[in-house]
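In order, the protein sequences belong to chains A and B.
Per my numbering, the first sequence runs over residues 1 to 104.
Per my numbering, the second sequence runs over residues 105 to 284.
Please keep in mind that the hints were generated in silico from the structure rather than gathered at the bench.
Positions of the beta carbon are idealized from the N, C-alpha and C atoms, including for glycine.
Treat the hints loosely; a few may be bogus.
Label-pair distances were calculated between CB atoms; the ranges are [unchecked claim]:
#	chain 1	residue 1	chain 2	residue 2	range
1	A	Asn90	B	Leu213	38 to 46 Å
2	A	Glu92	B	Arg193	20 to 28 Å
3	A	Ala96	B	Ile113	29 to 37 Å
4	A	Asn90	B	Ser233	38 to 46 Å
5	A	Ala96	B	Ser259	41 to 49 Å
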Amino acid sequence: MELQPIFIQLLALAIFAIGLLVAISRRNLFFVLMGIELALNAVNLSFVGFAKTLPDAMSVAGQVVPLFTIAIAAAEACVGFAMVILIFRNRESIDADTYSDMRG
Amino acid sequence: MLALIYFIILAVIALGAAACVLLSRHPLYGALSLVTSMIALAGIYGLIGSPFLGVVQIMVYAGAIMMLVTFVIMVLNGARDSKTPMFDRVSFFILPAVILLAGMVGFALVRSPLAFDTTALRGSVALTSKTLFDVAQTGPGYFILFEILGLLLLSAMVAAVLMAKKRLGSIETENTEDKH
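Turn these sequences into a full structure, and let the hints guide you.
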């Protein structure tokens with residue numbers, strides 16, 4: 001049995017689900033951001049896996065667009081952790097449940 | 105056959121490390137598990153024919169981004185959540201919701217016909233750079249996106265520096281401004 005593209009997609013789906021679970025259910029702010037990174041990784045893997053099922057000329061996009069995704073993830077992590085530092089300096093807490101000033 | 109064995113080994117490492125991120129208590133252990141998961145994913149990129157993306161994944165994700173994460177975790181020393189519980193009651197509703205979502209998407213994926221195209225290109229450095237910097241008028245135009253990306257990274261860096269420094273109205277900042 002050879003490596004099938006569906007295996008790559010299912011692995012990406014599993015990692016995305018774990019990343020989503022980490023981002024939503026954990027209370028520590030660091031784990032929320034790390035879950036987002038994990039989900040972005042899974043999307044990249046899915047993109048590369050789908051690009052390998054395309055013919056010659058179209059499959060080049062699968063090499064270039066994940067590069068942009070990685071760079072945007074770097075920018076997101078940069079701004080996100082600056083916000084974490086700012087919030088931690090105000091509240092002295094890293095628990096996401098303590099930042100509930102805007103609840104209605 | 106050999107590719108499938110390598111894929112299974114790397115997939116087990118990636119999934120196990122991702123589960124460690126979900127279950128670890130201290131953020132530093134979570135960050136190290138995340139690095140392991142990313143390196144395993146880089147191996148999968150190399151396996152399915154995108155070695156350039158695998159190298160970029162190790163350099164940018166496992167190197168730069170995770171270095172930033174561990175640095176911020178170590179700077180904010182109060183980051184351990186030993187006092188607060190890891191999960192609360194809402195988490196028990198999120199787990200079935202995420203499993204349901206994954207099951208539905210997985211069902212749709214399994215039903216769809218997918219096969220590797222043998223003419224798909226291997227993502228070597230030469231091919232990727234030739235596509236990325238194709239400035240011909242009939243080309244794909246990725247180089248414009250590349251330039252905009254540089255602008256985005258610069259603005260993100262400026263935003264991070266402006267947000268993370270001491271507030272402008274604080275006493276220390278005013279004192280240093282008076283001296284100059």
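Evaluation of the provided hints:
1. For A:Asn90 paired with B:Leu213, a C-beta distance near 43 Å keeps the hint of 38 to 46 Å intact.
2. Between A:Glu92 and B:Arg193, the C-beta spacing of about 25 Å keeps the proposed range 20 to 28 Å intact.
3. For the pair A:Ala96 and B:Ile113, the beta carbons lie near 35 Å from each other, so the given range of 29 to 37 Å is met.
4. Taking 38 to 46 Å as the suggested C-beta distance range, the pair A:Asn90 and B:Ser233 conforms, at roughly 45 Å.
5. For the hinted restraint 41 to 49 Å between A:Ala96 and B:Ser259, the CB-CB distance of approximately 26 Å leaves it violated.
When the structure is compared with the earlier hints, a violation turns up for hint 5 alone.
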